[in-house]
Amino acid sequence: MTISITEVRTRPDLKKWVAFPLALYHGDPNFIPQLTRDELDFFSPEKNPAFKIADTKLLLASRDGNVVGRVCGIIHSLEAQKLGYRRGRFGWFECVDDGQVAAALLGYLEGWFAREGCHEMTGPHGFSDLDPEGMLVEGFEALPTVAGSYNKPYYRNLVEGFGFEKQVDYIEQRVEVPDEPPALFKMMEKKARPAAEAEGYRPVTDLTKKGLQGYWGPLWEVLEAAFEPLYGVTPLTAEQKAYYSKKYFGY
Numbered sequence: 062m063t064i065s066i067t068e069v070r071t072r073p074d075l076k077k078w079v080a081f082p083l084a085l086y087h088g089d090p091n092f093i094p095q096l097t098r099d100e101l102d103f104f105s106p107e108k109n110p111a112f113k114i115a116d117t118k119l120l121l122a123s124r125d126g127n128v129v130g131r132v133c134g135i136i137h138s139l140e141a142q143k144l145g146y147r148r149g150r151f152g153w154f155e156c157v158d159d160g161q162v163a164a165a166l167l168g169y170l171e172g173w174f175a176r177e178g179c180h181e182m183t184g185p186h187g188f189s190d191l192d193p194e195g196m197l198v199e200g201f202e203a204l205p206t207v208a209g210s211y212n213k214p215y216y217r218n219l220v221e222g223f224g225f226e227k228q229v230d231y232i233e234q235r236v237e238v239p240d241e242p243p244a245l246f247k248m249m250e251k252k253a254r255p256a257a258e259a260e261g262y263r264p265v266t267d268l269t270k271k272g273l274q275g276y277w278g279p280l281w282e283v284l285e286a287a288f289e290p291l292y293g294v295t296p297l298t299a300e301q302k303a304y305y306s307k308k309y310f311g312y
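Per the numbering used here, residue 62 is the first one in the sequence shown, and the count goes up by one each step.
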């Protein structure tokens, strides 16, 4: 049966692209669906500033009129400046358990990346390190973290079958936070507070949306400094920082 690959160009196509995981993971207790409205906004160039600094293709794979896969391809201009060469990124990859479908999607992107002068192809990535990235290869019995990714166990076979090799490991840990801080932490806080206050540091106590607004600038400085050495991290524009601030702290 013929597999057709089409680029998303219309609102109805985007709705199909966004809706596909809902059908693919139907009945999976560990799949946490995204809000459709948020996804439609995120992948709309008019609303997401990432599209201003990245060439992007959203692809749908269909067979007999039914959607059987999707993927997003990204060529990030700021990443190219950082690396000194162009890299093709793929993300939001979802696919039925069929190597031909996966090869059709990834092969389409591979051809586009090659024509655009990219030196390599890597993923799963989003536009930035704040988007879902990486591919789950173990721990399928656990719920994903709030910013983590989740996928079918067979995805690894699909991408390795296409020719991909692991480049880096991402390890997630679940930490239980006690209601009462341990005695050691209390002692450390007691000793550290005077020194911190002497340097002009103060604890953040107002965690409301309004209270956090004044800390967005310093917060992004800390995040970018901490994330910069990580694999696949891309610089953020001022518009992106404002966008993610609203996305994560706007509730």
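Since the hints were made in silico from the structure, they are not lab data.
A couple of the hints might just be wrong.
[Said to hold, decoys possible] Keeping only pairs whose Cα atoms sit at most 20 Å apart, straight-line, the calculated PhoX-like set for lysine-lysine is:
id: 1; residue 1: K308; residue 2: K143
id: 2; residue 1: K108; residue 2: K118
id: 3; residue 1: K271; residue 2: K113
id: 4; residue 1: K302; residue 2: K271
id: 5; residue 1: K113; residue 2: K143
id: 6; residue 1: K77; residue 2: K143
id: 7; residue 1: K271; residue 2: K213
id: 8; residue 1: K247; residue 2: K108
id: 9; residue 1: K302; residue 2: K252
id: 10; residue 1: K302; residue 2: K108
id: 11; residue 1: K113; residue 2: K77
Computed from a predicted structure; not experimentally measured.
key: Given hint K77 paired with K113 - CA-CA distance at most 20 Å   = violated, 23 Å
20 Å limit on alpha-carbon distance, applied to hinted pair K113 and K143 = holds, 17 Å
request  = Sort out whether K271 lies within 20 Å of K302, counting only the CA atoms.
outcome  = This hinted pair holds, its Cα atoms lying about 17 Å apart.
task = Measure nothing beyond the straight line between the CA atoms of K302 and K108; if it is 20 Å or shorter, mark the hint as holding.
result = holds, 13 Å
query = Would the pair K247 and K108 pass a check requiring their Cα atoms to be no farther apart than 20 Å?
reply = Distance of about 44 Å is beyond 20 Å: violated.
message = Need the status of pair K271, K113: alpha-carbon distance at most 20 Å?
response = violated, 28 Å
key: Hinted pair K302 and K252, Cα distance within 20 Å   = Answer violated: K302 to K252 is near 34 Å, above 20 Å.
ask   = Does the structure keep K77 and K143 at a Cα separation of 20 Å or less?
value = violated, 34 Å
inquiry  = Check whether the Cα positions of K108 and K118 lie no farther apart than 20 Å.
reply    = At roughly 16 Å apart (the allowed maximum being 20 Å), K118 and K108 satisfy the hint.
key: Restraint status (C-alpha distance of K271 to K213 at most 20 Å)   = With a Cα-Cα distance of about 39 Å, the restraint between K271 and K213 is violated, given a limit of 20 Å.
key: Satisfaction of hint between K143 and K308, Cα-Cα up to 20 Å   = violated, 26 Å
Of the numbered hints given earlier, the model fails hints 1, 3, 6, 7, 8, 9 and 11; all others are met.
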